Structure formats: C-alpha cells, structure tokens
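Using the sequences and the accompanying hints, generate a full structural model.
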Amino acid sequence: MANFLRARFPGWIRFAVLLLFLAAALLPFYWLFVTSLKDRQEIYGDVLTLWPANLTWNNYIETFRTSDFLGYFKNSLIVSLSSGLLVLIVSIFGGYALARYRFRGKGVILLIFLTTQMVPVMILLVPLFIVFGKLALLNTLGALIITYTALNIPFCLITMSGFFQQTPVALEEAAMIDGCSRLSTVARITLPIMLPGLVATFVFAFMGAWNDLFFGVMFTTSEHVKTVPVGLNGFVQKFDVNWGEMSAGGMVSLIPVAILFALIQRYIVSGLSQGAVKG
Amino acid sequence: MSAANLSANRQSGKRKKLFRRFEPYLLLLPALLIVVAFFAYPLGSSLRLAFMHYVLFEPQNIKFSGLDNFKSLLSDSVMPKVLLNSALWIVSVVSLQFVLGFALAVALNKPFRGKGAYQAVVFLPWAVSAFLIGMIFKWMFSQRNGLINELLMNLGIIHKPVAFLALSGTSIIPVIIAMIWYGVPFFGIMILAALQSVPHEMYEAADIDGAGRVRQLFQITIPYIKPTIVLTLLLRVIWVFNSADLIYIMTGGGPANSSDNLPSYMFNKIGYSTDFGQASALGVFMLVVLTLYTIFFLRITKFREAGDL
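Respectively, the protein sequence lines represent chains V and P.
If you read the first sequence in the numbering used here, its first letter stands for residue 1, the second for the next number, and so on.
If you read the second sequence in the numbering used here, its first letter stands for residue 1001, the second for the next number, and so on.
Think of the hints as simulated: they come from the structure by calculation, not from any bench.
Here the structure is a predicted model, which means the values were calculated and not measured.
One or more hints might be untrue.
Unchecked claim - Some chain P residues close to chain V (C-beta under 8 Å, calculated; not the full set):
1) 1028
2) 1038
3) 1058
4) 1061
5) 1104
6) 1119
7) 1127
8) 1128
9) 1131
10) 1140
11) 1238
12) 1266
13) 1270
14) 1298
15) 1300
To be verified - Calculated lysine-lysine pairs in the DSSO-like style (CA-CA distance at most 27 Å, straight line):
16) P:1115 x P:1226
17) P:1226 x P:1110
18) P:1081 x P:1071
19) P:1016 x V:106
20) P:1110 x V:106
21) P:1063 x V:134
The C-beta atom is built at its ideal place from N, Cα and C for all residues, glycine as well.
This is the structure in structure tokens:
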C-alpha cells in the first residue's frame, strides 16, 4: 500500500519526480562535457550549440600540455588518501573508547568534539597559516594533510562511536571468552560487521580533503604542491578563463570521484542509516 | 609456587588493572592531540588576534589594540549588506535544499530496478568539489554564450542576455541556485536513511488498528525521523552559514560586495587587505552568532527529546 502520507508518492508522480531530479543533476555535467568538446570558435561564437558541431579533443590535450594537471592530481590523491586514512584510524580508536568504556571526562571530551562542529573553519585559516609558518610546513602537502585530518576527526570520531554502539557487545564478549584478545576481537569481529560505517567515514574524510579550496589557496604557492582545485583556480586567475580547457580539466578531475562514488554509494546510504538510528 | 612468584603475579595483575583504567584515554590520545594542536590552539590564537593590530605586511607594527578591530567592524559600511546577504543565503538555501531533498528521499523510498545506478548519478553532486560546481554554474550563467540566458530568451522571459553575475542586484541569485543544487543530494541521503529506518511493522500495526494515513504520517513517520531531521538541519545551517567557496569562485563576493556573505567577506579581508586582526574579529563575531544560534535551536527543539547523543 504505497502512498504519499506514508512518505511515498503514487507511481506516475514518483516517476516524474525521479526523472526531474535526474535531469537537474545531469544538466550541469552535460554542459561541462559538451563545452570540453567544442573548439574556441564554437564556444565563443554567435550561435549556442547544444552539441559540438566540430567535435574535438584538443582542449584535453592542451590542458595536459599547458598545466601540470597530472601533478595536481597526484597531490590531491596523496593528501586525500593520507588524511582519510589517518582520520579513519584515529576515529576507530577514539570511537571505540567512547562507545565501550565508562570513564571520567567522557562528557567533556564529547562536548569538545561537538563544539568544533560549530566553529567557522575560516577562523582557523590565519592562525594555522602562522603555525605552519613556524613549523616550516607552509607550501608542503604535510600542512594540508594535518589540517584536513584535524578538521574531520571530530565528526568522524563521533559517527564512528555511533557505529560501535550499534554492534552488539555480546559478540565481542563471546570472542573474548573464547580467548581472543581485545585487539584481535575488534579487528576480526567488530570491524568487518561495521564495514559500511568504515567506508562512509573514510569517504567523508576523503571528500572533505579532496574538495577543499581555501586552505589549499592559503597554504600552497608552488605549482608542485597544488591540489586540483587550487591548481585549476590558479589557472583560471592567471589566464582569464579559457572555458574549453577549464571544462576538459574539470571532466578529468570528475572521473576518479565518479568511479569511487558509484562503487560505494550503496555503503554510504546503508552506513548513514545505521548511524541515523543513534545520532 | 613460591611466595616471590605469587607476589610478582599479583603485581602484574595490578599493573594490568591500572593499564585498563587508562586504556580509554590512551585510545583517545591521538585524536585529542591532533584536535588540540591544530584546532583548539589555533582557535585560541584567533581569539587573541581579534584584539591585536596584525597586518601581514606590517611585521614591525604588531601590537594589542583592544577593541579597535570590533569598532571598525561596527562602522564598516559594507557590513549591513553582508549580514543581509548571509541571512538570505541561509534561509533560501537551507529551506529549498530541505524541501527538494525530502521529495527526492520520498521518491527513492521504495525499491525499483536500477535504483543503485540512479542513486549514484543523482547523489554525485555531493562528491564533486565546490570549485568545479562553481565554475560550471558561472559558465552556465555567463552573459556571453551562457546556457541559462539562451534558455530564458527561448522561453521569451528576457529579450537580450543578462549579466546575472556582474549586476549588484542579481549577483547572489545564481550562487544561491548553485548552492541549492549542490546540497540537495546531502539532504536526500540523510532523509532517505532516516525513512528506511522506520520499521514496516509499525505501519502494518497502524493499519490493523485502523489509524488513517494522516495519523500515520504524524504519529509514525514524522516522530520517527524527527531526530535525524533536527540534527541534519542544525548541522546544515551551521555548514551553510560557514560556506563561502561558491561565492568566492562565482563572483568573488562582487560586484562591490553585493554577493558577499560573512565568511567570504572574511576571506576577502584575509586575502586582499591581509588585515589578520580585523579578519579574526569578524571570525569571532561569526562564532558568537553561531553559538547563540545553537543554544536557541537546542532550546526550541527540546533537543533532549530528539534522542541522546
């Protein structure tokens, strides 16, 4: 018995709604793709074409030739993977502690983590700039890895503790009675059950690092340490936007994200619905 | 077993017990160290900077200046516009993201063939960098050969291309549209996850008991997903309040600050005037606003009832 008041649409409306969202989601990407395949005359010509009249891959070739796009890409991958993994590991330890132990100061620690969520991150830009200056980390990938890790730990740790709370303690107790140590119990029993949660947490931290612009703009100046958004941003500012090459670069930067996302989106919804039961 | 051996055993047992007491702290230590060193400490120094004269290019002239930074914020003629933009930004973005996200979640709340692929495509914007989203929308709203202008002209709504992003009256509108588009998947995912956590048996039981649809909506669905919605809205308002990338990319806050919100105005202060003191004062102001908002929000929604965290 499907109906709207049970938070469901009747069939044909539902179909129309789904179609509309699909079109809205795709339109900007379609336009990016089409622009990347047009030559300069067509992009800036008098007639707007919805599909390239003279289809060309030149923009892609030019992007790779005139900018260090592969370098940006490598930097983005290094930064996002390292910071994603660091956040994941630290959150597993901390989340486990919050979920499975009673100890003094637990409330305070939880409060500190929650409070960080309402701090405007822009406020950290200047002080971190000064700190990294003193540590001689400015203009290195290290500064970005540290920043993204610090920014994402609080949220991920709390989420992770939620995932631990939903995994029954009885399973762990049974394994420990059978002689498993605490560490191997968690590694062999609990974490595999929590896999969707682990994936969701990692992806959250990865995306946070992959998509940041401001800290990158502030902390890096040399070409060889720029991430994709920072590199493309510099490219745009330097040579008045060349929309063809810009679009080609954008398309390429979309590929890994799209693949990653297609592979794990199932985990994200189920991971979040586990987390949603308890904050 | 000798007496010495026994006491050694007891000692190691004691040590184990002591260790267990410290275990949670040890497990939390890495997280706390990182957060204190690179989040709490910079936050503290930002509070200090707010009361200092600190301009990057005047390194000899760094000194405490009391409330000067706050005074100059109060007399800043741009601030009213920036505050107004911030309010417009938050209200329009969050409310429309929520409504559209809810509709999307409801439409997805039933299995169909190809649902996995559909979700992957529709939720994709969430994973794309704000930089790229900003550039695409900037290009679509461009006066010259922009898709939106072409569309509006074909529909007969306008007669010649409008430079939406370059006019102070309209510059913020394309950015708001881009931001709404960007955030719908997030709400969709969160609400869908919440809807799927409502047990089917509850509806079946309600059917048997003869509860009507309206009652089911108000007494089952909404109460059940309320904690998630409350938490999502709370976090989302904070997130949107703090968000400046699309503005920075699409308009740079211009023309003449007509599309600046608080954080983008702050970033412009850092970048152009390099007046770190004044920028920090603006940051402290934002922090105060957010704190008040959070307290107020938690009060009116009686957050405790929404589930303990």
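Okay, the hints, checked on the actual structure:
1. Given the 8 Å rule on beta carbons, the hint for residue 1028 of chain P holds: about 5 Å separates it from the nearest Cβ of chain V.
2. For residue 1038 of chain P, the shortest C-beta to C-beta distance to chain V is roughly 4 Å, which falls under 8 Å, so the interface hint holds.
3. The interface hint given for residue 1058 of chain P is violated, since its Cβ lies 15 Å from the closest Cβ of chain V, which is over the 8 Å cut-off.
4. Residue-level restraint check for residue 1061 of chain P is violated (minimum Cβ-Cβ distance to chain V is 16 Å; threshold 8 Å).
5. The beta carbon of residue 1104 of chain P comes within 5 Å of a beta carbon in chain V, closer than 8 Å, and the hint placing it at the interface holds.
6. With 8 Å as the threshold, the beta carbon of residue 1119 of chain P comes within range of chain V, its nearest partner Cβ sitting at about 5 Å, so the hint holds.
7. The interface hint given for residue 1127 of chain P is met, as the beta carbon of that residue sits about 5 Å from the closest beta carbon of chain V, less than 8 Å.
8. Against a cut-off of 8 Å between C-beta atoms, the interface hint on residue 1128 of chain P holds, since the closest Cβ of chain V lies about 6 Å away.
9. With its C-beta approaching chain V no nearer than about 4 Å, residue 1131 of chain P sits inside the 8 Å limit, and its interface hint holds.
10. With its C-beta approaching chain V no nearer than about 6 Å, residue 1140 of chain P sits inside the 8 Å limit, and its interface hint holds.
11. A hinted interface residue such as residue 1238 of chain P counts as satisfied when its beta carbon comes closer than 8 Å to some beta carbon of chain V; here the least separation is about 5 Å, so the hint holds.
12. Checking residue 1266 of chain P against chain V by beta carbon gives a least distance of about 5 Å; that is within 8 Å, so the hint holds.
13. A hinted interface residue such as residue 1270 of chain P counts as satisfied when its beta carbon comes closer than 8 Å to some beta carbon of chain V; here the least separation is about 6 Å, so the hint holds.
14. Taking 8 Å as the C-beta contact cut-off toward chain V, the hint placing residue 1298 of chain P at the interface is violated, the least distance being around 11 Å.
15. Using the Cβ-Cβ criterion of 8 Å, the hint placing residue 1300 of chain P at the interface with chain V is not satisfied: the shortest such distance is roughly 16 Å.
16. For the hint linking residue 1115 of chain P to residue 1226 of chain P, the alpha-carbon distance of about 25 Å falls within 27 Å, and the restraint holds.
17. A hinted pair counts as satisfied when its Cα atoms are at most 27 Å apart, and residue 1226 of chain P with residue 1110 of chain P qualifies at roughly 20 Å.
18. With a C-alpha separation of about 17 Å, the suggested pairing of residue 1081 of chain P with residue 1071 of chain P holds against the 27 Å cut-off.
19. Pair hint residue 1016 of chain P plus residue 106 of chain V holds up; C-alpha atoms about 21 Å apart against a cutoff of 27 Å.
20. For the hint linking residue 1110 of chain P to residue 106 of chain V, the alpha-carbon distance of about 40 Å lies beyond 27 Å, and the restraint is violated.
21. Between the alpha carbons of residue 1063 of chain P and residue 134 of chain V the distance comes to roughly 19 Å, so the proposed pair stays at or under 27 Å and holds.
Hint violations for this structure: numbers 3, 4, 14, 15 and 20, all remaining hints satisfied.
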